[in-house]
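Novice: As you go down the protein sequences, you meet chains A and B in turn. The first sequence begins at 200 in this note's numbering and counts up one residue at a time. The second sequence begins at 200 in this note's numbering and counts up one residue at a time.
Think of the hints as simulated: they come from the structure by calculation, not from any bench. All of these numbers come straight from a predicted model, not from anything done at the bench. Any given hint could be a false lead.
Examples of chain B residues toward chain A, derived with CB under 7 Å [unchecked claim]: (1) Thr-253; (2) Lys-284; (3) Glu-380.
Virtual Cβ for every residue (Gly too), placed ideally from N, Cα, C.
Protein chains: 2
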Amino acid sequence: MPAYDVLCIGNAIVDIIASADDDFIVGNGIIKGAMNLIDSERAELLYSRMGPATEASGGSAGNTAAGVASFGGRAAFFGKVASDKLGELYTHDIRAHGVDFDTKPLAGPPPTARSMIFVTPDGERSMNTYLGACVELGPEDVEPAKTNARVTYFEGYLWDPPRAKEAIRRAARLTHEAGGEVAMTLSDPFCVDRYRDEFLDLMRTGTVDIVFANQHELISLYQTPSFETALEEMRKDCRLAAVTRSAAGSIILSGDSTVNIDAIKVDKVVDTTGAGDLYAAGFLYGYTAGLSHAVCGQLGSLAAGLVIQQIGPRPRENLREAAEQAGLLKRLARASR
Amino acid sequence: MPAYDVLCIGNAIVDIIASADDDFIVGNGIIKGAMNLIDSERAELLYSRMGPATEASGGSAGNTAAGVASFGGRAAFFGKVASDKLGELYTHDIRAHGVDFDTKPLAGPPPTARSMIFVTPDGERSMNTYLGACVELGPEDVEPAKTNARVTYFEGYLWDPPRAKEAIRRAARLTHEAGGEVAMTLSDPFCVDRYRDEFLDLMRTGTVDIVFANQHELISLYQTPSFETALEEMRKDCRLAAVTRSAAGSIILSGDSTVNIDAIKVDKVVDTTGAGDLYAAGFLYGYTAGLSHAVCGQLGSLAAGLVIQQIGPRPRENLREAAEQAGLLKRLARASR
Numbered sequence: 200m201p202a203y204d205v206l207c208i209g210n211a212i213v214d215i216i217a218s219a220d221d222d223f224i225v226g227n228g229i230i231k232g233a234m235n236l237i238d239s240e241r242a243e244l245l246y247s248r249m250g251p252a253t254e255a256s257g258g259s260a261g262n263t264a265a266g267v268a269s270f271g272g273r274a275a276f277f278g279k280v281a282s283d284k285l286g287e288l289y290t291h292d293i294r295a296h297g298v299d300f301d302t303k304p305l306a307g308p309p310p311t312a313r314s315m316i317f318v319t320p321d322g323e324r325s326m327n328t329y330l331g332a333c334v335e336l337g338p339e340d341v342e343p344a345k346t347n348a349r350v351t352y353f354e355g356y357l358w359d360p361p362r363a364k365e366a367i368r369r370a371a372r373l374t375h376e377a378g379g380e381v382a383m384t385l386s387d388p389f390c391v392d393r394y395r396d397e398f399l400d401l402m403r404t405g406t407v408d409i410v411f412a413n414q415h416e417l418i419s420l421y422q423t424p425s426f427e428t429a430l431e432e433m434r435k436d437c438r439l440a441a442v443t444r445s446a447a448g449s450i451i452l453s454g455d456s457t458v459n460i461d462a463i464k465v466d467k468v469v470d471t472t473g474a475g476d477l478y479a480a481g482f483l484y485g486y487t488a489g490l491s492h493a494v495c496g497q498l499g500s501l502a503a504g505l506v507i508q509q510i511g512p513r514p515r516e517n518l519r520e521a522a523e524q525a526g527l528l529k530r531l532a533r534a535s536r
Numbered sequence: 200m201p202a203y204d205v206l207c208i209g210n211a212i213v214d215i216i217a218s219a220d221d222d223f224i225v226g227n228g229i230i231k232g233a234m235n236l237i238d239s240e241r242a243e244l245l246y247s248r249m250g251p252a253t254e255a256s257g258g259s260a261g262n263t264a265a266g267v268a269s270f271g272g273r274a275a276f277f278g279k280v281a282s283d284k285l286g287e288l289y290t291h292d293i294r295a296h297g298v299d300f301d302t303k304p305l306a307g308p309p310p311t312a313r314s315m316i317f318v319t320p321d322g323e324r325s326m327n328t329y330l331g332a333c334v335e336l337g338p339e340d341v342e343p344a345k346t347n348a349r350v351t352y353f354e355g356y357l358w359d360p361p362r363a364k365e366a367i368r369r370a371a372r373l374t375h376e377a378g379g380e381v382a383m384t385l386s387d388p389f390c391v392d393r394y395r396d397e398f399l400d401l402m403r404t405g406t407v408d409i410v411f412a413n414q415h416e417l418i419s420l421y422q423t424p425s426f427e428t429a430l431e432e433m434r435k436d437c438r439l440a441a442v443t444r445s446a447a448g449s450i451i452l453s454g455d456s457t458v459n460i461d462a463i464k465v466d467k468v469v470d471t472t473g474a475g476d477l478y479a480a481g482f483l484y485g486y487t488a489g490l491s492h493a494v495c496g497q498l499g500s501l502a503a504g505l506v507i508q509q510i511g512p513r514p515r516e517n518l519r520e521a522a523e524q525a526g527l528l529k530r531l532a533r534a535s536r
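Next up, chain A with everything else stripped away, as it sits in the complex (with noise of 0.2 Å):
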């Protein structure tokens, strides 16, 4: 047997989150929606900004792994944190989800990364990044162990830290000779456009095997206005495939099959963070587990529906018992609770 359900590898990224109007996201130069790179001076500058904040850790493939462990998958986290109190406090909390984390602190410096987040009053989230001790993370990084996992998840972000890519093509050619599949997030549209040829690569040399995306990131990815005509190249390009479109859903993609999928009720949208991460959580959950296309669907909308209704990346509920509740999931003895 595997030893994980799910590895995730990303960058190691506390959340710094505030509210902020339409009018600061547009006077500081912020893309709206999107994750904006930043360098230590900008940080220091709009941190200067910023209202009054609090902190979560957070990262994509990190929040991705917090989900499949609170679903009760076994999962693990490969990410560089620095020798710091926010690389403790990040450490802590992904470990206290239950993931097994031990990549090795980088000692000095640059700090800890970390993101400011602005929230707008439409709950939509405006990332900005410092990448900080993440521009260390390697292939020296990945632990061989580890890679024996049913799926090993990557973020098209980590294209941005020099190094990471090589992590990534070690680590996805030891879990597909370990039996295991490989699976993507596209990111971000503006990610994409980065790195469009890179990824597209990715997907057509098979080294990655499931891709999620959203519908931006998919319009971004194939330079095509036609969500349909994107969805039709992406049916070619990877084995199977999750689009997700907000309120409307999502859709999976594999071979000849398509399987719609619709977002869960939601009173009122508080903070989008961490709702592409919790998807591709509650889909890896039900993946790894046998379960059919539909309900890895219907996990990771319940898991991203939950996510957006409370500030901060990461469900504080536990996402089993929601979908034990949701009838989703069958009820586990109570011993192996």
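Based on the hints, put chain B in the right spot on chain A.
Specialist: Chain B alone, transformed into the frame defined by chain A:
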């Protein structure tokens, strides 16, 4: 005109907040609903057992200062952080709320104070506070110009660190000399038990004019099982008192006058952290604006009622706008917003 409406003095603490069940509270020997003082060794132990957390600036009087500023009041704060990451976060947040805060940070160890707060399903919070840098607050941290406030407010918790009481006595004297009043909160029933005689002395000698307490603190102060008896004792011992009773509202005592205030309707109590602090903020904003005791109490109820419907001890809403919408304050002219 005084330089500030309210000067607040307190322990500068970053909250580390996680969910826990009652078994966890009991099993770890935490007194539920109370502020448990801990040393660095126990802090490490409890953190190793704590679930995934979020961080937010806190500290009782700091929360009150943030609340006063959110109502539109001119607020200042004295409190000691260290020159570390949590100290930076704390400083950012209180300033971002619009509070003047310039207490010199501690250069060396100990680190910035943190309180591990476990929130049980009933919304009750149980605090575990490592005082860290707060132990270094002393009379040299009193900036004389800032004591020219309508009200100088401090927390009873300041009797825990060794020299903060000297800072309080100095600030109280300067405030009185400038024509202002001095207020305190009794903070916690166990804190009252530790410093009962000194607190009563502060009230009876006129060092303190206005007292905030909840019913448990009041009963602890007078060591009587009768709430009514305790109220009548309190009426004699200070010029003005506001006694909060959770969902039962609050009672304002002043000479022979008694004003009863209802709590606001709350759909679901998420986290009671900051309830008393924000009650004091609303009350003191109204009091320093010259409003009636009834409106002061209603502003306190509003702010407390809002903060317990979110995770974290400081309001995310603009309290000025909330109070205007509730018809408690007149709409400010747009230019002055």
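Novice: Under the constraints set out in the numbered hints, which ones does this structure not fulfil?
Specialist: Hint 3 contradicted; others consistent.
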